[in-house]
Amino acid sequence: MEEYPEELRTPPVALTCLVGCPEVHPLITAYLHSQQPPINAIALPDFSNIPVIPPKKSPTDTPSAPLAGIIKRDWLSKHRTRIPAVLAAIFTSCDLSADPAHWLQLCSHLDNLKASIRGRNIKLVLLLVTNWDNKDDTSEERILALRKRAEVDLKNLIIFVPDHEEELQKSLNRQVPIEVFGLTSIIFLKVWTVFGELAATYYRDEGRRVRSRLEKKNYTSIELYIRYCFKVAIYAEFRRDWLEALKFYEDAYHGLREMVGTSTRMPPIQRLVEIKAVAEQLHFKMSTLLLHGGKVLEAIMWFRQHTANYRKLVGSPEVIFLHWEWLSRQYMVFAQLLETSSPNDALYVPSTASVPEEKPTEWEFYPAYYYQLAATYMKEKNTCLEFALSMSVDVGPIDGSAESVVASAYLGQYSRLLEHEDTFIMQPLTDEEYAHYALAEGKRFQDSFEIIALLKKSFEAYSSSKAERAAAYCGLQMAREYFCLNDFSNAKQMFDSVANLYRREGWLLSLWEVLGYLRECSKGMSSAKDFIEYSLEMASLPEATGSVESFANGCGPAGPATHSEREKIHKEAFEVSRGELTLNSDEQNSAFKVNTDNPLYLEIDLISPLRATLIPLVAFHHPTVKPGAPSLITISLRSQLPINVEIDQLEVQFNQSECNFIISNGQKPQTGLNSNIQPGHRVETAPDLVLATNKWLRLTYEIKSDLSGKLECIYVIARIGPNFTICCRAESPASMNDSPLWKFENLLETIPIKDPGLALSGQKAIQVEEPDPQVDLILGSSGPALVGESFILPVTVSSKGHAVHSGELKINLVDTRGGGLLSPREEPFSSDNLHVELVDMSCDTPGDQSEAPSDNIQKIQPSFGLISVPSLGVGESWSCKLKIKWNRPKPIMLYVSLGYSPQSDEPSLQKVHVHKSLQIEGKTAVAINHWYMLPFRQDPLLLSKLKSVSETDQAPSLALNEKTMFIISVKNCSEVPLKLLSMSIETEEKSSACTIQPQQEEFREAVVNMPGEEFKKVFTIFPKVNSSKLKIGTVSLRWERGEQPHSNTNASQVTKHRLPDVSVELPLLVVSSECPPHAFLGSPFLYSVKILNQTEMLQEIKCSISDSQSFVLSGPHSDTMLVLPRSAQVLAYMLVPLGLGSLQLPRVSVTSVRYSAGLQPSTGSSLVFVYPAKPHIDLKPGDA
Amino acid sequence: MIVCLAVVGHENNPLYIQSFTESDDALKLHHIVHCSLDVIDERVNNPKKSSPTINEAFLGLLYPTENYKVYGYLTNTKVKFILVTTDLDIRDADVRNVSLLFFRKFHAAYVDAVSNPFHIPGKKITSKTFRERVSSIVKSFGLSSAS
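Residue numbers (this note's numbering), protein chains in the order written: chain A, 1 to 1184; chain B, 1185 to 1331.
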């Protein structure tokens, strides 16, 4: 766009001219320029400068003379810079009031002025500059006279008062609304308005004048029509009437289009050049107007039309390059216009109504698209130019005939400038001369850089809009251009990035071409490594599936992508690698030869494109192996190179370097390669090492490793010839995947290893196991553990075949049901919450070995322990004891692992591990139970018992001030006999609340409690306080295992059982029956029932007695009686037994009416034993 | 006139590409086909920008190059067909109908080719029958558009 003149690129601005009184010029021009729309002004200081304005030529309406051209080259610039629309003559008031001589001069100036603008319709304005002070001094007559002389309307005479200089300046600088300021500003505004109006009138009149000619069809040739249209459009642009401008530009354009076939005015080549130049200018104007008006779609459609119209008009073959240059410029300029004017979002505004043809596609909105095409045409031009230059050998750089050719007065025309007797004569050119000139001009420019610049723009634009393939294509073209310029490093960089995309998406032919270029680039840069790499990659590309494409030419330096070509490249690469061929770039004389000083080393990793050239798969036949035991390993190699490759030597490298080995080719003498063989390393010989195309070369060997751990194959290194090495990273068959280039090929699938299972799952690494341990680890188990005791577990390490060095014993306690040993959601390491904990580890250090304690690592955590084992010789043993405490009953798993090294010299390597585990149950030793009992034949009536709904919820109720018994029973739940040592009750509250008998009892001889047995002990309790919640205390039982496995830790354990709280209350009534324990047949005895009323109320009691066959009784049979408060009533019966043995007494039932509570004595409590006669033993009192 | 036909797979890899020109611009056609994948990507990823015909398999004109027009077609299995023609002067509506018809026929041929039990899905199409059938379709369209 920059090559266009300024006046074409910017919208035209009205032009005025100021003459005279130069001191006010800067103020006025600055003001006019700053307004919207602006007005340009030419400032002429003196009236003598008037001839600057070009005089109007006499109209050349002679129809006989043919028109010399379509549009004059300088017509627009003339109207924009030299021919004003308004001419302002500026006088001072002094000029007016001066003497007559002065006045006369003024009048002559004015006349000159009028004469100079005569015929041009330029508007005249008078400006009278006067001082503020003598503003009114100027005589009216003089002004009138001046006006008359100048033939100017009153409104076009402006009296100008530039007095308030500062204020004026301020207003000009700030450009604030003019009303704010005083008179001067108003005058300025008036000047601008008047100028603007007059200019508009001028341009309208001019436009109309030309237009009338068009309307009257007052033109003789199509050239004139176009010129008139152009002029009307320009005048319309001056008036900012964009629509009219666009219309007339279009008319002109269409007119021009008609001219193409019809005009005969000039020689054909130059005629076309002129037409295209005019068309270019017209189209540029239209595009600018459309794009600035936001009509992107229309602009694109116009552009499409434009290029379609002229694309075919290539013109004469010798200057065909001019056409391509022209077309390229169209695209470039449109791209620039699109780029500068696009407010991106408005791009997709649908305005399909005006576009009946097919809509532009997405890319036609991108400047990148146009830049790319501009570059393409530029390239075309370059090619054609080079061809044209080669055809005409006589075009020298310094050619007088070409030099004197200049652009002529008409747009798109050139002519010879002849100097003839001090005057210059323009002589028209013949087509031959013009072609000659064009060639000479074309030779001067380097097109390549321009092409690269265009492509770069396109590349960047495409990249930023994520069109990576289009960007890659631009990159490819750019790289080709760099390549043509022998700029190999830039070219290589671009080609490399493009090649990556083609590799990834598997575009074979494109990749072939790029690689061909890259090969040449590396040749040019004398890089043998790159050359070989690219050559090998090309040689091992897949066959382009037999289609015609593969034989296509035009693949750049690589030649057609055929099998024979690949073979050629292959051979060449290997010749270079063997040093038989010197890599020689044509341009630089730096030859590069592979020899012992410059060996060649290629590396192929997992992402290298050279994987197709050589891929090594390594598979161990087994996943694990014992140390020292042999394992099979298969190395499979495949190459896609078109010709067989013979490898001289293969080296297989592992992470354990002592396993590395070399496979040498039995067919070849290993001269020059023996330097690679390190002494002591294993060398195998294979019958041959020849890689055929797409065939696996399988080599299987045995391998041994003495070191346990992972054995992994890392590299397979192939040596071909003395100076060529390919180092490939080993791959597992299981994880091999083909590159995108090969993935989609319809290729015969071959498996790398004969065993198909191994081919799918083989791994390049093997796990070498530990040697078998020869040390016993014995966990001495002694049955279940009991809660509360410290359970002792002996661990013995006894060596059977290995010495133990730097041994370590690890102990882990694990819940058998998984999870830790902590009760859930409780804080760790607070020993209360631990169900099971490892308390201690003690080892009996052998007396003769006094090891420093620092060597003995010992670490204990609740569920983990670590202890170091002293060095043991073969046959020795060592043991330690673990002390584990159960706080709750829980089964656990005990894991003990011993790690040791059989040799004392390398403690860090090669540890052998022995693992043992043992499940241990933790059981509760004893279960303690209790219950309460009332004294014999005594029943208190407790109110709470009457009310109680459910007995279970209630705490047991005891009667106040009555003796109650309770029984503690101890049951052995374990499987071993236990010895009970003592039992005691610790009361919690103050002793006055109740008394318990006995408080503590040490068994004189330990009670042996066999498994399952129950041991009972009776206590009495006498509550003294009326309380609903009486805490009684805790039963403590001290016990120990009946038979101690380890007598030295004979510790007794205490099991505690808390007695539940009881409620104590005063009994309302107490019924106690009394009766002798035995009776004699026939002899009467007294059976009395005593009812004690402890309330403050009179109690009505109903009582009855049932008859019994075994007794004869006397007493009230059925009665109701009243018991006075706090007193007792006794029912007395006299009974005579009639039977023998244990007899049931007659049942007495007592019912309290108030409480509706009755008492039925239990059968057990109403038995009496009847003897037949009194025994003949004299029972003395106190003898029982 | 149809100058090039391509079937492009999921990873934008060419599955089948055939050009019908005498001259040596096969490589250039490869590039044109490859670049047009960008337009397909954009059109498929930004459906709102393009016409409501997105639900159709026929993608329409992808982009005009200096000498060619490129049309696209996307099958249900996301395999792309790309057609490069030199019919620059035909009105869009006609081209649309003709190319749509062409793509339908070509699609049928493609489906038959990949239904071959010996064809591995995702691999390049090497079937000779397919090639012949495509050539005959192209030939019939070349005649019809010329007449």
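Hints in this document: simulated from the structure, not taken from any laboratory.
Misleading hints may appear alongside valid ones.
[To be verified] FRET-style restraints, in silico, Cβ to Cβ: (1) B:SER1324 / A:GLY293: 55 to 61 Å; (2) B:THR1270 / A:GLU3: 31 to 37 Å; (3) B:THR1270 / A:ASP688: 53 to 59 Å; (4) A:ILE714 / B:THR1270: 26 to 32 Å; (5) B:PRO1301 / A:PRO687: 39 to 45 Å; (6) A:LEU389 / B:THR1270: 29 to 35 Å; (7) A:GLU3 / B:SER1324: 31 to 37 Å.
[As the list claims (entries may be wrong)] Straight-line distance between alpha carbons at most 16 Å, and here's what the computed EDC-like set of lysine to aspartate or glutamate pairs gives: (8) A:LYS743 / B:GLU1206; (9) A:LYS466 / B:ASP1296; (10) B:LYS1307 / A:ASP1107; (11) B:LYS1307 / A:GLU543; (12) A:LYS466 / B:GLU1226; (13) B:LYS1307 / A:ASP738; (14) B:LYS1307 / A:GLU749.
[Claimed, not checked] Here are some of the chain A residues that sit facing chain B, going by a computed Cβ distance under 8 Å: (15) CYS484; (16) ASP487; (17) ASN490; (18) TRP507; (19) LEU509; (20) CYS843.
Quick reminder that beta carbons are idealized off the backbone N, C-alpha and C, glycines included.
Going through the hints against the structure:
1. B:SER1324 / A:GLY293: 55 to 61 Å: violated, 47 Å
2. B:THR1270 / A:GLU3: 31 to 37 Å: This hint holds: roughly 33 Å between Cβ atoms.
3. B:THR1270 / A:ASP688: 53 to 59 Å: holds, 55 Å
4. A:ILE714 / B:THR1270: 26 to 32 Å: violated, 56 Å
5. B:PRO1301 / A:PRO687: 39 to 45 Å: holds, 41 Å
6. A:LEU389 / B:THR1270: 29 to 35 Å: holds, 30 Å
7. A:GLU3 / B:SER1324: 31 to 37 Å: violated, 49 Å
8. A:LYS743 / B:GLU1206: Distance of about 30 Å is beyond 16 Å: violated.
9. A:LYS466 / B:ASP1296: Not satisfied, since the Cα-Cα distance of roughly 35 Å exceeds 16 Å.
10. B:LYS1307 / A:ASP1107: violated, 112 Å
11. B:LYS1307 / A:GLU543: holds, 14 Å
12. A:LYS466 / B:GLU1226: holds, 9 Å
13. B:LYS1307 / A:ASP738: holds, 13 Å
14. B:LYS1307 / A:GLU749: Between B:LYS1307 and A:GLU749 the Cα gap is close to 12 Å, so the pair holds against 16 Å.
15. CYS484: Cβ of A:CYS484 sits 17 Å from chain B, so the hint is violated.
16. ASP487: violated, 22 Å
17. ASN490: violated, 20 Å
18. TRP507: With a closest approach of 6 Å, the A:TRP507 hint holds.
19. LEU509: Check passed: Cβ of A:LEU509 comes within 5 Å of chain B, closer than 8 Å.
20. CYS843: violated, 67 Å
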